[in-house]
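Taken in sequence, the protein lines are chains A and B.
Each residue of the first sequence is one higher than the last, beginning at 1 in our numbering.
Each residue of the second sequence is one higher than the last, beginning at 1 in our numbering.
These are computed hints drawn from the structure, not numbers from a lab.
All of these numbers come straight from a predicted model, not from anything done at the bench.
Hints are not guaranteed to be accurate.
[Stated by the list, open to error] List time: in silico DSS-like cross-link candidates among lysine-lysine, alpha-carbon distance up to 30 Å: (1) A/Lys-70 with A/Lys-98; (2) A/Lys-57 with B/Lys-95; (3) A/Lys-57 with A/Lys-98; (4) A/Lys-98 with B/Lys-95.
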Amino acid sequence: TQLLEQSPQFLSIQEGENLTVYCNSSSVFSSLQWYRQEPGEGPVLLVTVVTGGEVKKLKRLTFQFGDARKDSSLHITAAQPGDTGLYLCAGAMDSSYKLIFGSGTRLLVRP
Amino acid sequence: SQTIHQWPATLVQPVGSPLSLECTVEGTSNPNLYWYRQAAGRGLQLLFYSVGIGQISSEVPQNLSASRPQDRQFILSSKKLLLSDSGFYLCAWSKALAGGFPYEQYFGPGTRLTVT
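Hey, can you work out the whole structure from these sequences and the hints?
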């Protein structure tokens with residue numbers, strides 16, 4: 001069974017702080033996606049990383065794919081209340097129509 | 001651009017009643033389609049996926065079923081709902097493997113189902 005473990009499960013921080021969310025697996029993925037979901041809505045795709053060691057930036061968000069393509073991290077700089085939500089990572093494997101989703105990290109940024 | 005619709009947005013049904021949730025995708029052809037269920041504040045559980053009309057793969061044994069009567073239409077059904085069927089149901093689509101960037105899934109707005 002392929003598993004993606006996310007940590008931490010819950011994070012409550014003050015506006016302006018930095019944070020990192022981790023997504024780890026013993027399996028190798030061909031690509032990895034990060035989504036953000038707000039209460040009562042569907043997840044929204046933030047980024048896809050496909051190359052080992054790849055780093056992508058989306059404004060204050062930095063995403064990194066591990067060299068071995070087994071793990072990924074999401075770093076947020078100077079968090080804002082608008083960053084509040086559930087962050088989900090999802091891994092894809094070759095020749096599979098399915099994504100393996102992590103259990104999510106719930107982020108609360110207090111003003 | 002592509003859009004995905006789900007309805008209804010919310011639903012309250014008694015135990016033992018039937019269920020039909022609908023999902024449609026616009027602006028693309030031959031998408032892969034997915035049904036997920038999400039417990040409150042938790043990750044996503046894949047229920048069904050489809051790679052073509054009439055082709056349904058079931059991931060979790062349960063009293064739910066899925067159908068794909070048209071290329072861009074995906075329906076989730078139940079003959080008799082259980083209390084444990086309550087949850088947030090999400091439909092998603094992705095491009096077929098052979099076309100475009102693979103594996104990214106795009107989600108609909110979801111249906112909140114409460115079984116009483």
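### Message
Name the hints, by number, that the structure is in violation of.
### Response
Per hint list: zero violations.
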